Amino acid sequence: MGSTNPLKDLPQKSQVQFKEALKCFETREYKNGLKATEFILKKTPTHGESLSLRGLFLFNLGKKEEGYASVKDGLKQNIKSSINKKYIDAIRCYQQALNIDPENIQIYRDLAVLQTQTRRFSELVQTRELLYKHSNKDFIPSIGLIISYRLDGQYLKAARCLEKYLDSISKQELDTNIISELHLFKANLLELGGKNEEALNTLDTNYSQICDKQVLKNSQARILLKLGRLEESQQAYLELLDLNCDNAEYVVGYLKSCSLDIDMNLFYFSKKSKTFFAESSAPIHSEPLLSAIEELNQRYPDSHFLITLPLYFSTGDKFKELAQNVMKLYFTKGVPSLFNSLKSLYINFSSNFDPKRGSILNEVAENFSASLKSSNRFPDSEEEQSKEVYIWAEFYCVQYLDLNGEYNKALNRLDALIDLDDSIIEIQMFKAKLYKHMGDFSLAETTMNKVRNMEPNDRFLNAKTVKYMFRNNNIKQAEDTFAIFIRNDTTDKQQEILDLQVSWYMLERARSYTRKRKNARALLCYENILTFFNEYYDDQLDFHSYCMRKGTISSYFEMVSWGDNLYSSNPIYQTASSEYVQNLCVLHDKNMKAFGDSLPKPKAPAQSKNPSAPVSVPETDKSEKPELLDEAAKSTVYIDSKNPLEFAKPVLDIWLKHNVTSAAVLNAQFEAYIRLENSLDKALNSLVAACDKSITPTVLVNYIRLKELTKHANKNSAVDTSYVLAKLTEHYSTQIDFTKPNVEILTQLSQSTIGNKAQNILAASIGLEKIAHIDTNNKLVLLKKSVDLLYNFVSGFESSGSLGTKDLKLAYLLDIKEVYSKIIENIPKPKTKSKNKSKTEVTNANDTKAQNPENGDKSPNNEYSCLQDTYQEFLESARRLYPHSKTF
Amino acid sequence: MIQIRQARVDDYSYIQNCNLHNLPENYQQKYFLYHALSWPQLTHVAETPAGEIVGYVLAKLEDEDKAAPKDPKATTNLDSDSAANSAEQDSLRHGHITSISVMRKYRRLGLAKRLMIQSQQAMKAVYKAHKVSLHVRVSNKAAINLYTKKLSFTVDHTEEKYYADGEDAFAMNLIL
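Protein chains in written order, with full-length UniProt numbering: chain E, 1 to 888; chain G, 1 to 176.
Check each hint, because a few of them may be wrong.
To be verified - Cut-off 30 Å, straight-line C-alpha distance, at most; resulting in silico cross-link-like pairs (DSS-like, lysine-lysine):
no. : chain 1 : residue 1 : chain 2 : residue 2
1   : E       : K693      : E       : K657
2   : E       : K464      : G       : K141
3   : G       : K149      : E       : K387
4   : G       : K30       : E       : K649
5   : E       : K328      : G       : K113
6   : E       : K711      : E       : K785
7   : G       : K30       : E       : K213
8   : G       : K141      : E       : K433
9   : E       : K433      : E       : K409
10  : G       : K113      : E       : K387
11  : E       : K333      : G       : K105
12  : E       : K476      : G       : K149
13  : G       : K161      : E       : K464
14  : E       : K493      : G       : K105
15  : G       : K60       : E       : K387
16  : E       : K464      : G       : K113
17  : G       : K30       : E       : K634
18  : E       : K328      : G       : K149
19  : E       : K433      : G       : K105
20  : G       : K60       : E       : K213
21  : E       : K256      : G       : K113
22  : E       : K464      : G       : K131
23  : G       : K131      : E       : K493
24  : E       : K387      : G       : K150
25  : E       : K809      : G       : K105
26  : E       : K333      : G       : K150
27  : E       : K213      : G       : K105
28  : G       : K161      : E       : K493
29  : G       : K141      : E       : K387
30  : E       : K373      : G       : K105
31  : E       : K213      : G       : K131
32  : E       : K356      : G       : K105
33  : E       : K809      : E       : K727
34  : E       : K328      : G       : K150
35  : G       : K105      : E       : K328
36  : G       : K149      : E       : K333
37  : G       : K113      : E       : K213
Hint data in this document are derived by calculation from the structure and do not stem from the laboratory.
The structure displayed is predicted, hence computed values, not measured ones.
If we strip away everything but chain E, and leave its shape as in the complex, we get:
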């Protein structure tokens, strides 16, 4: 991570010299330019851009080797500059160098690596063809050329080329494992090119030379299935299952080759993508599938996978019978993860979802638990079970109660279990989790810490405890606890954590700082995670040539597509990068507020800060260790920044370049662009993308904000939001009338029954709060309306009684609290009234306020205390709903 500005790390004088050097390059004054770069490098010998530039000057002055080395050093040093730019700059340097020295083979080799790294495949093919032409046609240049064709999508050309190469060599020349890989590669190329028969032939004729029989068999089975040669395919899949009966791909392949209709995503729920199935469900009950799976299961009785798979393809009584078998088996074995393994049956991730399956599972578990408790036997069974079997059955019940939000019931039953046996770590850990769900982060932390002390050498328990400490905003303690498992022989534990790329730790830490409103410290943690991912991306570089030499070709292509999807598919990156940008927006808004303006506008440097605002100040905690002061010092980069959103630009670039489009990312993108100058068109793009993904209340709110901003912006930057409007109108049909004023639209959103009700109300309230800052004339009215929505929502929940915590999640309440405090912060505090007085008012006015909020005069002072009152009432309601949470 870091800025794209190459001058950032240079002293003032060097910056001038660097600009001078660039000018020299354009005007071809190479000698002067060289002098300038050497001046810079004397002071900053590792400055990447200067090294590269120096290389170019040397080239042009005829010192080719030296120049080439300098360019290369520059590239190596330049790990800080934005990832894509760095490689593209380097390519430019090499191409410059080749203009001068067109025969330099080494430069072509390095150029090919960079072209692969930047995925410029058509150019790569040209480079590889040239290298091949000038080579002795042996392994490396040949395989390099073939790989480049494959990357460029020319599968059959690559296959022919590989065939020619294989014919030309004597088998003794190469390692047997490489020969094996080459045959598999050829078959794969043919398959990719649609030549399935030929691919199959290659596999058959070279059977003896292919070492990796499992991959060989899998390719055969897959192609046979595609060709409809089902019997042979079935046989191949059975042989594969003999090798590994817990492999989902083999099981599915086998069932497909039995002409059965089955698909991976009917039972596989990717937590990585976290998408829920919105349409109505059509649960599958298939007798043919069930009997085929049962047959397989008889052949492979040990397969965990096959034992539970039938649950996904049955309903009703059959499902119940299967569930009983599964539970009997795993309760007896004492498997703590059973509930987790069956959890996807409770989640609507595909059309195969059936809510009845969940209730049957609960019913069976309750029934077993009761029977085991009273008679130490499963119902209808004579065999006596140990006490432990009851414990695991009861533990299952506790977990489903937790999922249902019935925390108190769950806690009571868990406590009884612990009375029975207090030595089972998993059960003790679950108590901490329950406290967390109930909102008592402090008790959750102490409970988890006690569990940790039961087995202090277990790192997993340590990691969990650290997470709970961060959740409870006990940052110092979390850091110290985490440090226990960092090697003692390293000089700098902080550096070790960075070296080991501990993303989860940095993420929890960042969030803790965010909650404590130490945004700059949080930003530093997020920045570390972004750096880890850039390191991952850079890690590919060495493997482009390594894999060619080693001959691990199929994994190499896996690596390339891993690199392609690194940013777009990893949930940790998506979370960290979007929260990084959101934190920058917070800093930006603070800067704006200090100048009494909320519209994007270039502003004067922030000299003095508003001391009353809850800004992050450099850490001066005396408890902090000296090495942490480093971080505090580093975080001033963000605090002192006049324009913090500059830091968001490299992230925004990566999102666009790597097509990172999770909902959180699109939202953060929107937030950044509406704050950046002349970027409303880009904000619209983000909104359209979010809209095409799925219509959420956030999309609606952002649409209204963008419309408002357009109204207040000058003509040139106004944008056309009609596409989004059309989508929204379609989605909310009669429930929301988009021709009405904003306040009306948001009120209708808060009453809408489309989507999650709590989310609608929350979004409406947030929306009102946001437009209050744009439509400053109606600020107070809008804020008041926002608060009313929240208050009525929470008190409504309380009075209806029947709705439990499952419907009003703690997270919503915490969000509501956040909105409230934002609103209250944003209203100028009354100067005449003391805080104490408004507090006494709360107690007196408690009864009347809710019914008659319009009461009284509209002076800002009165409005302020009115909002304060509702806030206090909200806190009281929240406390009643979540009595364990100390947050309210």
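Place chain G on chain E using the hints.
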């Protein structure tokens, strides 16, 4: 409903995460990638239906004459490891378990044993390795039980202060 399968390159960042949660011996992503791109068949993962990696075995191949680097963090020199054109068919090779762990909650399913068996199968079938070796903390009774009782490993010798915290390791072998 846990499946066991060969690791793909895009699993390795999750393997790294699993390793960081479970064990004190950790490595950079690049060292994991080095395994993925040198001996892809030897590393296997246990995956839940929700796509979480809850266990892994990370393994490599060693030539008999070359000693294993004691410090696993020791940088792997990708430039020196040339395999092409060096017909090494005849030299003896053996597999080595770099790291194995299963998330605490997913124990008692025999996942570690299943992972080990997959890796051992591949060592023998793909690379003709004649044995597999590993190191284990002398205090880790559960792991020692798995290796000796369930997988028939034998203790070759004890390596003193093998681990960074000063604990000794049993060096174990199994003839494949």
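> Within 30 Å, alpha carbon to alpha carbon, are K60(G) and K387(E)?
Replying inline: It is violated: about 43 Å lies between the C-alpha atoms, which goes past 30 Å.
> If you draw a straight line from the CA of K373(E) to the CA of K105(G), is it 30 Å or shorter?
Replying inline: holds (24 Å)
> Hey, K693(E) versus K657(E), does the alpha-carbon distance stay inside 30 Å?
Replying inline: holds (19 Å)
>> Run the distance test for K141(G) versus K387(E): straight-line Cα separation, threshold 30 Å.
In response: Holds - the C-alpha atoms of K387(E) and K141(G) are around 25 Å apart, at most 30 Å.
>> With the threshold set at 30 Å, check whether the alpha-carbon distance from K161(G) to K464(E) stays at or below it.
In response: Holds, at roughly 28 Å.
> For the pair supplied as a hint, K328(E) and K149(G), is the alpha-carbon distance within the 30 Å limit?
Replying inline: Given that 30 Å is the threshold and the Cα spacing comes to 27 Å, the pair holds.
> Do the alpha carbons of K30(G) and K649(E) lie within 30 Å of each other, as the hint requires?
Replying inline: holds (27 Å)
> Going straight from one Cα to the other, do K161(G) and K493(E) come out at no more than 30 Å?
Replying inline: The given pair, whose Cα atoms are some 21 Å apart, holds under the 30 Å limit.
> Straight-line Cα separation of K464(E) and K141(G) no greater than 30 Å?
Replying inline: Judged against 30 Å, a Cα distance of about 23 Å means the pair holds.
> Within 30 Å, alpha carbon to alpha carbon, are K105(G) and K328(E)?
Replying inline: holds (19 Å)
> Taking 30 Å as the top limit, are the C-alpha atoms of K113(G) and K213(E) close enough?
Replying inline: Since the Cα atoms of K113(G) and K213(E) sit roughly 22 Å apart, the hinted pair holds (cutoff 30 Å).
> Are K213(E) and K105(G) close enough, with their CA atoms no more than 30 Å apart?
Replying inline: Roughly 33 Å separates the two Cα atoms, so the pair is violated.
Checked against the numbered hints above, the structure violates hints 12, 15, 22, 23, 27; every other hint is satisfied.
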